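From first to last, the protein sequence lines stand for chains D and C.
Just so you know, the working numbering puts the end of the first sequence at 162, numbered straight through with nothing missing.
Just so you know, the working numbering puts the end of the second sequence at 103, numbered straight through with nothing missing.
Derived from the structure by calculation, the hints contain no laboratory data.
For clarity, every value in this text was computed on a predicted model and none was experimentally measured.
The beta-carbon is built from N, C-alpha and C at its ideal position, and this holds for glycine as well.
Some hints here could point you the wrong way.
Chain C regions said to be covered by chain D (calculated; three or more residues, Cβ under 8 Å) [claimed, not checked]:
1. 11-20
2. 52-63
Here are the computed lysine-lysine pairs in the DSBU-like style, where the Cα-Cα straight-line distance is at most 30 Å [claimed, not checked]:
3. C:K91 - D:K83
4. C:K40 - D:K34
5. C:K40 - D:K83
6. D:K79 - C:K87
7. D:K83 - D:K34
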Amino acid sequence: MKSTLKKAGYSRVQKQMHDVFLQFTSKVVFFIIIMFAFNLFFAGHYTPGGGFVGGLLAASALILLLIAYDRKTLFKMIPIDYRLIITTGLFLSLAVPTLSFLFGTPFLTHQHTYLQLPVLGEIPLHSALLFDLGVFLTVAGTTLLMIALIEGEES
Amino acid sequence: MNTFLDVVIIFSLIVLSFSMLGMVYRMISGPTLHDKIVALDTLGIMLMAMIALVAISLNSAYLLVVVLLVGILAFIATIALAKYLEKGVIIENDRDSDD
């Protein structure tokens, strides 16, 4: 079957062929995966989840777009260097625990409070969320940078 | 009733384990790459079923997140391998260029 396709000039046109099903499906599934990633990220204190799994899942959602489209599209979507994402995440993960020295408490001591909002009611606020955001950004940036470097050409 | 459910869950876990062994054999020594890819996808689905059975057995809802996660990862792996079979390249630099 492959030789028949090649005889019909498949190798010349397969670059221009657009995979309609894959591209449309990945547009829809991308939002489902990214929503699940943020759900895991915010659920991470008492239930399974957290910054690491959330970052990994957000990176895999972007990898799905990277498979369905190409690197130019993803760079148009996120027009910053992945190293900058890793740097921001590492800075957050270092700075938030260090801030607890200002209050005279040991390293990695977190503060929490409850906030009253008109519609949502009482929601908890925890400073471990910022630390987890650092882990999220570091893991997502590292995974994307690894995939982009494995693929070959330097962007 | 409860012991009946336990017996059914343990029996299903044993049957799933044996079929996963068959899938691992097919994944290692499949004649072609297509067999290996289908075996890998099926192995992911069996892993989801096994985690769901353990969740029923432990009577906990926390493991259902893991089922969804394994499903998403297996989906992306299957998409990537299918694109490798179709085009020979997984991540393109520019899909509209000629070379």
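Agreement of K79 of chain D and K87 of chain C with the hint, judged by alpha carbon distance not exceeding 30 Å: 18 Å, holds
Within 8 Å of chain D (C-beta), three or more residues of the region 11-20 of chain C: With 0 residues in contact (Cβ-Cβ under 8 Å with chain D), the coverage given for the region 11-20 of chain C is violated.
Verdict on chain D covering the region 52-63 of chain C, where coverage means 3 or more residues with a C-beta closer than 8 Å: violated (count 0)
30 Å limit on alpha-carbon distance, applied to hinted pair K91 of chain C and K83 of chain D: Answer holds: K91 of chain C to K83 of chain D is near 23 Å, not above 30 Å.
Restraint check for K40 of chain C with K34 of chain D, where alpha carbons must lie at most 30 Å apart: 28 Å, holds
Agreement of K83 of chain D and K34 of chain D with the hint, judged by alpha carbon distance not exceeding 30 Å: Holds. K83 of chain D to K34 of chain D sits at ~15 Å (cutoff 30 Å).
Proposed proximity, K83 of chain D with K40 of chain C (alpha carbon, max 30 Å): Measuring from Cα to Cα gives roughly 35 Å; hence the hint is violated.
Against the hints set out earlier in the document, violations occur for numbers 1, 2, 5.
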